[in-house]
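Enquirer: Following the hints, position chain B with the ligands against chain A.
First to last, the sequence lines map onto chains A and B.
One rule links them: number in the working numbering = place in the first sequence (from 1) + 199.
One rule links them: number in the working numbering = place in the second sequence (from 1) + 40.
It should be emphasised that the hints constitute simulated quantities derived from the structure, not laboratory data.
Treat the hints with caution; some may be incorrect.
Here's a subset of chain A near chain B, in silico, CB distances under 7 Å, partners left out [to be verified]:
1) M200
2) D362
3) S365
4) R533
5) L538
6) S541
7) L542
8) S628
Computed footprint of chain B on chain A, listed as stretches where at least three residues anywhere in the stretch have a Cβ under 8 Å from a Cβ of chain B [to be verified]:
9) 203-216
10) 543-557
Every residue gets a Cβ at the ideal spot worked out from N, C-alpha and C, and that includes glycine.
Listed below are the residues making up each chain.
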Amino acid sequence: MFFRLLMESFRRQRRRKMLAGVAILLGTTAVTAMLALATTIGDRIHKELAVYGANIVVYPKADLLDVKVGGVDLKPASGGAYLKESELAKLKTIFWGNNITGVSPELPALMAIARKAGDPLIAVNAVGYWFDHDFNTFKTGAPTLHPWWRLEGSWPIPRSNPDSRSVVVGTNLAKKLGLKIGDTFVTQGTQSAPSSRLTAIVAGIVTTGGEEDNEILLTLHDAQAYVGANDAVRRVEVSARTKPEDAFARVDPDSLSPKQREIWYCRPYANSIAYQIREAIPGAQAEQVRRVEQSEGNVLKRISGLMWLISAAALLAAGFAVSAAMATAILERRGEIGLMRSLGASKGSIALLFYAEAGLLALIAGTIGYLLGSGLAAWLGARIFAGDGVAAEAVLIPVLLPVVVALALVVAIAGSSPSIRTALRMDPSTILREDA
Amino acid sequence: MTVSEVKVVTGPLADPTGSTRDDCAVIALKHVTREYAGHGGVVRALGDATFSIVAGEWVAITGPSGSGKSTLVNLIGCLDRPTAGELKIDNVDTASMSATELDRFRADKIGFIFQQFHLIPYLSALENVMLAQYFHSMTDEAEARAALVRVGLGDRVSHVPSELSGGEQQRVCIARALINNPPILLADEPTGNLDAANQKIVAELLQDLHRNGHTIVMVTHDPEMAGLAQRRIALSHGQVFCHPVSGPMVTLRRSTDRL
Ligand SMILES: Nc1ncnc2c1ncn2[C@@H]1O[C@H](COP(=O)(O)OP(=O)(O)O)[C@@H](O)[C@H]1O
Ligand SMILES: [Mg+2]
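Chain B on its own, in the form it takes in the complex:
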């Protein structure tokens, strides 16, 4: 059952003014395909994906290894472009944007949380957060410090990544993803490298962010983590199985409060 055959199910979210779920979609895919030209011919990492995610929604993407989860996340994060199909973020067709516009768009709209954290090894926790500010606009040390306090690392600001535990590194990564207050958070297996205790901390942080109105797209293998999301999109061999919204949306519009 692929999405091309099944109409995307809309939740009980259509508001009284009559606007549909698609109208308030912050992420909308239509027949999105991503193929890679490999050595042994063309690999279809993602095939004909059609679904949408509304603002403030928390979506878990699940599926076996190699099913195209990262490919999907990278497409949504504008790090990659679809081979075919239409991808709209915040109602802007990404295909219409130049590479430079896409960079700008990514800085403004997307916060990435990686399984491998991807912290710059020679910069302190604080500087790693400030790096995101630097590429976005201007650095603001007080704000970066506040973000680290927010993820519980107020006393570790001057430590370099090698002096931090995995859980602490992931929290720096989350602080960095949030520092420019992007509407969309993309987390590719955020707890994949963490123990249960740290997974709990990260899960709580994500719940908190969700309450504050961030749209979260999270790849996970962990059923417990997936259970926190409102909706699950399952992938298999690059094909999307869309699950209906599992519960009422807490909010459609994220708060404008900064972290």
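Okay, chain A solo, but in the shape it has when bound:
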């Protein structure tokens, strides 16, 4: 009987229920979209902010006294110690290894070049990089960590001919020397044999807005061969997905109790990851690059704050709309309430009936709202983070369904509660008398 009553009365007053239903639907649509975006936004913003560079930089411990944290000034290649390229594979093995999204080792060198044989030599900075290096499950290198670098042509091609090297020239340097893609010029063979010469072929010209515009970019292997230091790396930039920094992130892990230290270690703070890198690679110093890390955290915090605000506002508005729609809907049915009271129905059993009706409405509207909101999130995601390759179906998050439906229930029940209570407080004899 309860369900018969529920279903029959649910089908009544379509206009009013439609109104309340649409309010719940819009509210849950907004909330679903916000929640779906919020859960994926961390990844997406990280990707966007990766534009600003690495968040961890690794260099030899021996440089500690000389190099500023995150400093870009590179010492002459002859000075200081090196890290081993072969040991970078160990980055994959650290606790948060899977959070590492980019690795870019560098080896700088001072090189003498000339436009053609016989011309006077000029000294330029050259830096060896990975360009499209197979690292674990992804390809990485300088271009992925510096997505703002604009290249004409192609990145240096690993050498096939021992007498020539493929290079990319910074835009300013190229202008100065009158170099175009496909041109050749003469470079010093190696550091240890200053008089030997190699031909360099310009594979591409790069514009970075930084030092690189005046430099020569070559493969790490070529740089190592030139410097005469096999396997050597001067500095490594690492990009990792991290948890925004908080007070606990900044503590010195060695001052913590073993249990606390364990907790600290197992959180993906940039500091913890840097710590794990120091552990994994002997002789390495790893530091987080603060500026980027913090702005990322701040942006995330502000955006999620805004999303919570929008969600709360949407639900509140839905609650008021439901309240208004239910007030008239229940007022219209006070005759039924009076009759039920005369049959001996308790206030509780009548309230249950009306709440069940509101709940059913919430269930339907909430489910549709969830689907619409997921679609909205996919659409918004595609517009805000255009072309970052996150598939639309990644936004249909099943765990959100019960959350959203529960919120819809809360809104519907809270919204209809005032009018249900008012109706039940009315005197049944008065209702039955007036309902002539």
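Expert: For chain B with the ligands alone, kept in the frame of chain A given last:
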């Protein structure tokens, strides 16, 4: 002449064991007053009513519009509480009951028949009857169907109220009032909205119920309907004029037969 001044007249019902009329009263009012706080001060809808109704009695309540008839019926039906005075139904003081107990009591003891029928518009005749079962205890479709057959609506069970005539709707209302077999039936102008033919059908049903031992309190304007009752209580401006029992009681105890 108000009841406070006049001792309630007892009928020739006192049985040989010596119990008085008040002892077998199923409804007993003592100085019952109901006042409403209106805009223009306090309205006394019912003032100082004292009388009793015994089990199986059929009482007609008459009086002009606004004289407090519905107020009295609603008080007896425990839909409303007196502002002052004592109201006992089945020897239980209603003032001592909580709101929830009163709901339960109403479900068990009272069947309402309304002038406006008050059927749920989106439920069929059968479901309207079953609704009373639902709020009382459990639904029993066969029993509800039998009740509709009993009031002559066996072929209209699946019709919704808008598909039924006024007389048919009132018969559904009567079937609903009877379905839980309550001892007391309260009918507030049951034939007020009916034509002569349907009034006759309802009158016959009420007579039948009276024969089966139901206590009936019926508000009516119609002298013919009032004449069917054994006793008439006249109201005027909220004051009760008690009429003596008009004839011997057919029975004191209603039969336990279900309809
Ligand atoms: N809820 C109420 N509030 C104020 N006055 C009421 C209320 N109910 C009834 N009354 C007044 O009480 C008096 C008796 O009403 P009622 O019992 O409905 O009369 P009847 O049924 O005899 O026509 C009327 O004057 C009516 O206006
Ligand atoms: Mg009336």
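Enquirer: A separate judgement is required for each hint: does it hold in the structure or not?
Expert: Hints, verified against the model:
1. M200: 4 Å, holds
2. D362: It is violated, given that the least Cβ distance between D362 of chain A and chain B is near 94 Å, above 7 Å.
3. S365: 82 Å, violated
4. R533: With a minimum Cβ separation of about 12 Å from chain B (threshold 7 Å), the hint on R533 of chain A is violated.
5. L538: With a minimum Cβ separation of about 4 Å from chain B (threshold 7 Å), the hint on L538 of chain A holds.
6. S541: 5 Å, holds
7. L542: 5 Å, holds
8. S628: 4 Å, holds
9. 203-216: holds (count 6)
10. 543-557: holds (count 5)
This entry does not satisfy hints 2, 3 and 4, going by the numbered hints stated previously.
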